[in-house]
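Undergrad: Chain by chain, the residues:
Protein chains: 2
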Amino acid sequence: MKKEQRINYPSSHKIYVKGKIHDIAVGMRSVTLTDTVSIVNGEKVFTANPPVTIYDTSGPYSDGNIAIDITKGLPRLRQRWIEERRDTEQLRDFSSPYGIAGSTFPIVHKPRRAKDGQAVSQMYYARQGTITPEMEYVAIRENLHGGEQTVTPEFVRSELAAGRAIIPANINHPEAEPMIIGTNFLVKINTNIGNSALMSGIDEEVEKALWSCKWGGDTLMDLSTGTHIHETREWIIRNTPVPVGTVPLYQTLEKLNGNIEDLDWEIYRDTLIEQCEQGVDYFTIHAGLLRSHLPLLKNRTTGIVSRGGSIIANWMTKRRTENLFYTHFEDICRILKQYDTAVSLGDGLRPGCIDDANDAGQFAELSVLGHLTRIAWKHHVQVLIEGPGHVPMHKIDINMDEQLKTCHGAPFYTLGPLTTDIAPGYDHITSAIGAARIAWLGTAMICYVTPKEHLSLPDRQDVRAGVIAYKIAAHAADIAKGHAGAQLRDKALSKARFDFRWKDQFNLSLDPEKALEYYRAGHLDDDSGHCTMCGPHFCAMKLTKEMNNCIK
Amino acid sequence: MKKEQRINYPSSHKIYVKGKIHDIAVGMRSVTLTDTVSIVNGEKVFTANPPVTIYDTSGPYSDGNIAIDITKGLPRLRQRWIEERRDTEQLRDFSSPYGIAGSTFPIVHKPRRAKDGQAVSQMYYARQGTITPEMEYVAIRENLHGGEQTVTPEFVRSELAAGRAIIPANINHPEAEPMIIGTNFLVKINTNIGNSALMSGIDEEVEKALWSCKWGGDTLMDLSTGTHIHETREWIIRNTPVPVGTVPLYQTLEKLNGNIEDLDWEIYRDTLIEQCEQGVDYFTIHAGLLRSHLPLLKNRTTGIVSRGGSIIANWMTKRRTENLFYTHFEDICRILKQYDTAVSLGDGLRPGCIDDANDAGQFAELSVLGHLTRIAWKHHVQVLIEGPGHVPMHKIDINMDEQLKTCHGAPFYTLGPLTTDIAPGYDHITSAIGAARIAWLGTAMICYVTPKEHLSLPDRQDVRAGVIAYKIAAHAADIAKGHAGAQLRDKALSKARFDFRWKDQFNLSLDPEKALEYYRAGHLDDDSGHCTMCGPHFCAMKLTKEMNNCIK
Numbered sequence: 019m020k021k022e023q024r025i026n027y028p029s030s031h032k033i034y035v036k037g038k039i040h041d042i043a044v045g046m047r048s049v050t051l052t053d054t055v056s057i058v059n060g061e062k063v064f065t066a067n068p069p070v071t072i073y074d075t076s077g078p079y080s081d082g083n084i085a086i087d088i089t090k091g092l093p094r095l096r097q098r099w100i101e102e103r104r105d106t107e108q109l110r111d112f113s114s115p116y117g118i119a120g121s122t123f124p125i126v127h128k129p130r131r132a133k134d135g136q137a138v139s140q141m142y143y144a145r146q147g148t149i150t151p152e153m154e155y156v157a158i159r160e161n162l163h164g165g166e167q168t169v170t171p172e173f174v175r176s177e178l179a180a181g182r183a184i185i186p187a188n189i190n191h192p193e194a195e196p197m198i199i200g201t202n203f204l205v206k207i208n209t210n211i212g213n214s215a216l217m218s219g220i221d222e223e224v225e226k227a228l229w230s231c232k233w234g235g236d237t238l239m240d241l242s243t244g245t246h247i248h249e250t251r252e253w254i255i256r257n258t259p260v261p262v263g264t265v266p267l268y269q270t271l272e273k274l275n276g277n278i279e280d281l282d283w284e285i286y287r288d289t290l291i292e293q294c295e296q297g298v299d300y301f302t303i304h305a306g307l308l309r310s311h312l313p314l315l316k317n318r319t320t321g322i323v324s325r326g327g328s329i330i331a332n333w334m335t336k337r338r339t340e341n342l343f344y345t346h347f348e349d350i351c352r353i354l355k356q357y358d359t360a361v362s363l364g365d366g367l368r369p370g371c372i373d374d375a376n377d378a379g380q381f382a383e384l385s386v387l388g389h390l391t392r393i394a395w396k397h398h399v400q401v402l403i404e405g406p407g408h409v410p411m412h413k414i415d416i417n418m419d420e421q422l423k424t425c426h427g428a429p430f431y432t433l434g435p436l437t438t439d440i441a442p443g444y445d446h447i448t449s450a451i452g453a454a455r456i457a458w459l460g461t462a463m464i465c466y467v468t469p470k471e472h473l474s475l476p477d478r479q480d481v482r483a484g485v486i487a488y489k490i491a492a493h494a495a496d497i498a499k500g501h502a503g504a505q506l507r508d509k510a511l512s513k514a515r516f517d518f519r520w521k522d523q524f525n526l527s528l529d530p531e532k533a534l535e536y537y538r539a540g541h542l543d544d545d546s547g548h549c550t551m552c553g554p555h556f557c558a559m560k561l562t563k564e565m566n567n568c569i570k
Numbered sequence: 019m020k021k022e023q024r025i026n027y028p029s030s031h032k033i034y035v036k037g038k039i040h041d042i043a044v045g046m047r048s049v050t051l052t053d054t055v056s057i058v059n060g061e062k063v064f065t066a067n068p069p070v071t072i073y074d075t076s077g078p079y080s081d082g083n084i085a086i087d088i089t090k091g092l093p094r095l096r097q098r099w100i101e102e103r104r105d106t107e108q109l110r111d112f113s114s115p116y117g118i119a120g121s122t123f124p125i126v127h128k129p130r131r132a133k134d135g136q137a138v139s140q141m142y143y144a145r146q147g148t149i150t151p152e153m154e155y156v157a158i159r160e161n162l163h164g165g166e167q168t169v170t171p172e173f174v175r176s177e178l179a180a181g182r183a184i185i186p187a188n189i190n191h192p193e194a195e196p197m198i199i200g201t202n203f204l205v206k207i208n209t210n211i212g213n214s215a216l217m218s219g220i221d222e223e224v225e226k227a228l229w230s231c232k233w234g235g236d237t238l239m240d241l242s243t244g245t246h247i248h249e250t251r252e253w254i255i256r257n258t259p260v261p262v263g264t265v266p267l268y269q270t271l272e273k274l275n276g277n278i279e280d281l282d283w284e285i286y287r288d289t290l291i292e293q294c295e296q297g298v299d300y301f302t303i304h305a306g307l308l309r310s311h312l313p314l315l316k317n318r319t320t321g322i323v324s325r326g327g328s329i330i331a332n333w334m335t336k337r338r339t340e341n342l343f344y345t346h347f348e349d350i351c352r353i354l355k356q357y358d359t360a361v362s363l364g365d366g367l368r369p370g371c372i373d374d375a376n377d378a379g380q381f382a383e384l385s386v387l388g389h390l391t392r393i394a395w396k397h398h399v400q401v402l403i404e405g406p407g408h409v410p411m412h413k414i415d416i417n418m419d420e421q422l423k424t425c426h427g428a429p430f431y432t433l434g435p436l437t438t439d440i441a442p443g444y445d446h447i448t449s450a451i452g453a454a455r456i457a458w459l460g461t462a463m464i465c466y467v468t469p470k471e472h473l474s475l476p477d478r479q480d481v482r483a484g485v486i487a488y489k490i491a492a493h494a495a496d497i498a499k500g501h502a503g504a505q506l507r508d509k510a511l512s513k514a515r516f517d518f519r520w521k522d523q524f525n526l527s528l529d530p531e532k533a534l535e536y537y538r539a540g541h542l543d544d545d546s547g548h549c550t551m552c553g554p555h556f557c558a559m560k561l562t563k564e565m566n567n568c569i570k
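Respectively, the protein sequence lines represent chains A and B. Each number in my numbering comes from the position in the first sequence (counting from 1) with 18 added on. Each number in my numbering comes from the position in the second sequence (counting from 1) with 18 added on.
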C-alpha cells in the first residue's frame, strides 16, 4: 500500500475558518479564478473574479501542510474536544475478543467509553443546552459560498435536540471531521464500499474510501461481508475523514460462519460493542421488521431485497420468534449512547422493484421505525430513518409524507429511489432522478447507487460515477430548497463559461478532470473563444458578446 | 462505408402487427424469455414466461428479412400511402439549385409536393376526419407491452386535429416509420447529431444516426454547420427510419459563408424548399424572438445560448429590423404545409444557466410562440414548442404551466432541462433529472443531452450514454403518468431478476450489452443463483426464496 496519499484539486487551496466559540478550524476548499478579459475601446480590460469556497470532504488529504501516512492514520482532530468533556474514559483494553485480536494496522488506539453508562451523544449535549465544538464546526461548514450566515451554532444545537438532525461522531473515530445530516442543512450523500466474500482486498477498500472522499462522499458505509472484516474496517476508519457506518449483522454472521439460525443477542451485542469501540459512527439495524409483516409480502414480485432484512426475516421464520433487534432495542440503545454511535433504522422491507413500491409491508415497517425512534431518543441516541429503494416518480412524495407523519421529524436517508427497473448498468441515473426529487422534498441524506448496482461490486470508476451522480442530485435539491448560497457556485461557473474561461469552468465543476478530458477530446487550444459544439463561426455566446458590443 | 448495416438485439425478433383499417404492418421487437425454474417437492418445475413486446425505433435494420444497402437507402414504407392520397405530385426536378447540385448519394428520388399549394399535413387530414395509415400506424405502435388498447386510431386523429400531437412525416421522407409526439402518448426522445466546421464526416454521422436508432432515439436532428451539409443530410435521411429535423438557418448561413448580415428571406426561403424537398420532417425556426425582447436580456449571466437565437438576434441588431422568421411566418407556413414539414418553434431565449431561468425574456418569447402556433395551425402546419434549457427543479413546473397557458396545448419539446450548472461532463445526468420531471408534467418530447454537452461534439459512446439517460427519463415519466402498459417491462425484468434469470434481465433492459459487460466483470458463471453484490451466502433474494419455502 502507498503510505502517502494525497487528494489534489486544480487551482484550489485549503483554507480554514476559525470558530468563535471554540478553538476550532474548519477546512474548506478555495478555488482561485482568473480574470474576466473584455475589450473596451479596443483595449483589453481585466476584471478580477473572487475565489469560490467549496464544501470539502477530503479532510487532511488536500492539505499539503499535514503529513499523511496511511500506516499511522489521520490526525485525531476531535481527540482533545472529547477528552475535555471529561465524561468518557479510556478502557484498558477492547471489550470484545474480536477487538483484542486486533488487526494488521500498526497503531493501537485504546477505546473510550462513557463513564458510568451515561449518554455522550451530540443529541444529549444539545438537549443540555450545550454547544459542542462539533456543533460549531458543522455550523461553519454549512455556511458556504459566501451565502448569508443563516446556520448558527445555536440552530444546529436546536435541530439536534429536536432529533431533526444528527452529527454522527463516535468518540472512537476522532479522525472524522464533524458533519451534519438533517433536512434543514445541505443534502448529504452516502457511499457504500466493502468487499464481499468474492472480491477485493484491504488496499482496494481503503483506496475506494479516499476516492469517495475526493469526489465528495459525505459519509461512507463499509458493507464488507467477506474475511478480514475487522481488519479492513480498522484501516478504513483510521484513515477516513468522514463518518463511517456499518451493518453490524454482517460481521456477526461471519462470526457464525454464515449460520443464520445461530444468531443470538449475545454474539450480536458483542459485535456492536466491538464496532463501537473501533469507532463506527452509525449502525444500520433492521429493528422494525416484525414477524407480523411477513405475510404482507406474499404477493411481492421481488420479495425482500435488503440483505439485512432478508437475514432477520429468515431468522424469525426459522426460529419462530420475534426480531431480536426489536426485542433488544433498548439494550442496543444503552450500548450506542455510551459511544455516540447513531442508529440508522434499516428498511428491511424496502421495495426491490417498481411493482412492490409503497406496499403495506413497506409502510407497516416504517411506522415501527417511528416507534423505535422515540425509544432511541429516550436514550439520547441519534437516529436516521432509512428509506427506499425502487419507487416510481408518482409514488415518491407519499414516502416523504409518511416518513414525516410517522417518524417525528427524524432525518430520512434513502437509497435512490430508482424510478424504473429497466436500466441495469445505469442505475446511478435511474436513482439520481428519484434521489433529487426526494431530497428536494426534505430527505436529509441520499445513499448513492453505482452503475454496477444489481450486477457486480463497483470499482473505482463506478464509485466516482455514483458519487458525482449523487452530488448532482444533492446539489440540485439544495438549489430547489433555496439553501443560502447553494447557487453561487453555479453562477460563478456559468460566468466562467460565458467568458470562455474554460479552466475556471472546469475547476469549479464537480469533476474537473473529466471536464478537461472531454474538452481536450475536442482538440482545441485551451483558450479558444468558442467550443467544438457550435464551431468557431456560430458560437451562441460569442455572437451574444458581439451583439452586446453592437448595442453599446 | 459499410453498405450492410444491421441492428441486433439479444433474444429478440421482429414482429409485425397488422392494421385493421389500412394495409399496414407495424414493426415491434419481441423479447423471448426463458422459463422460471422452481423446486417443488424436490423436483424442478418449469413455468413459461411470456415474451415481452418493446417499442422499436430500429426500423428495417433489425429485420433480417429486409435487404439493407446504405448506398440505396431504406425501403420507402410510406410511398404508396402518399401516392394513394392523390393530393401530391412528383416534381420534374428540385426547386433549389442546392437540391439540383445534389450529392454523392447514388440514387436520386425526385421530390413530391402538394398539388395546387394545398395542405398535405397529417393535421389537415385529421381535421377532415380522415384516419390516415400514419394515424393507424402510430395507434398500433403506442399500444405496447400487452397493455389495454387505449390508443385508438380515432383518438390519434382527434389529438392531431386539436394540435395536441404531431406526426412528423414529410412526404419526401417515406423511409421513416410514423411516430407521434404528444402529451397523451409515450414520451419521446430526440437526439442531435451533426458535424461542425471542425469535426466529423459523412460516414460518422450516418453511423451515429443508426446508432441513435439502435438505442431508442425517436427522432433525430441533424445540426451540421460545416461543409457538405446537403450531402450529409441526404445520406442520413435516406437511411434513417425515424423523423429527421434540422435548423435550416445553419445551412442558410453556410450558403452565405457565415455572413450573418447577408441573411434575407430569399436565401432562407430557398433553403426551406431545398430541405422540404429532401425530406426533412421538422424545422426548428426561431420566429418568436423579437427585437423588443433584446433589452430584457441585459442582466443575464450567459446571454443567449441558442445558436439560432443568437444568430437572429445578431441579425436584428445589425440590420435594425424585426426578425424575418417572424415577419415571414405565414410565408414559411405556406411552404411547409405543401410537404408536411412540421415547425418546431425554437426558444432562442432559453436560459443558459440556472441564474437566468424563467426570466422575462424567456417567457416573453414563449408567449409569441403561442401566437405563432395559431398562425401555423391556420395553415394546417403541425407545431412543436421548444423549451429550456437550464432550470432549477423548483422552477420547472412553471415552465410547463406557462407553456400550457400560452401555447394552446401544442406539444412541448424541451432540452433537458439541466437542474444545475456545476457538472460539465455529466450533463446527461443533470438534465435527465429535469427531463424526467417535465416529461411527467406533460412535455411530449425531451431532447437528449450527452456527457460532452458544453465541452465537445459527442462521439458514439456519448450518443449511447445520452440516449439511454433520456430513455430512462422518458420511461420513468411514462410510468408516473400511468401510461397503460409502461410498467409491464419493469415487472418482467424484475421477475427475471428475482428468478436469477440473468440473461432475461439483461435482454429486457435498455442496454443489454452494458448490463452483460458489467455482470461479467464480476467473474461469475452466467447461471449463478446470486450476484457479486451480496456474495453467495447473504443474497437477499436467495434468502427470501428459502424463507418462502420454509413458510410453505
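If you are wondering where the hints come from, they were derived from the structure by calculation, not from laboratory data. Fair warning: this is a prediction, and the values are worked out from it, not measured in the lab. Any given hint could be a false lead.
Straight line, CA to CA, 27 Å or less: simulated DSSO-like cross-link-like pairs of lysine-lysine [to be verified]:
| no. | chain 1 | residue 1 | chain 2 | residue 2 |
| --- | --- | --- | --- | --- |
| 1 | B | K316 | A | K413 |
| 2 | A | K316 | B | K273 |
| 3 | A | K62 | B | K521 |
| 4 | B | K521 | A | K532 |
| 5 | B | K521 | A | K563 |
| 6 | B | K532 | A | K316 |
| 7 | A | K273 | B | K316 |
| 8 | B | K560 | A | K336 |
| 9 | B | K521 | A | K499 |
| 10 | B | K62 | A | K273 |
| 11 | A | K560 | B | K273 |
| 12 | A | K232 | A | K521 |
| 13 | A | K509 | B | K521 |
Now the in silico label distances, taken between C-beta atoms and shown as ranges [unchecked claim]:
| no. | chain 1 | residue 1 | chain 2 | residue 2 | range |
| --- | --- | --- | --- | --- | --- |
| 14 | A | R94 | B | F381 | 51 to 59 Å |
| 15 | B | K128 | A | R478 | 35 to 43 Å |
| 16 | A | R478 | B | F173 | 33 to 41 Å |
| 17 | B | V58 | A | A378 | 24 to 32 Å |
Far from chain B by the CB rule (all over 12 Å, computed), these chain A residues [as the list claims (entries may be wrong)]:
| no. | residue |
| --- | --- |
| 18 | V35 |
| 19 | S121 |
| 20 | T148 |
| 21 | Q167 |
| 22 | K232 |
| 23 | M334 |
| 24 | T345 |
Glycine is no exception: its CB is placed at the ideal position from the N, C-alpha and C atoms.
Undergrad: Which earlier hints turn out false for this structure, listed by number in ascending order?
TA: 1, 2, 3, 4, 5, 6, 7, 9, 10, 13, 15, 16, 23
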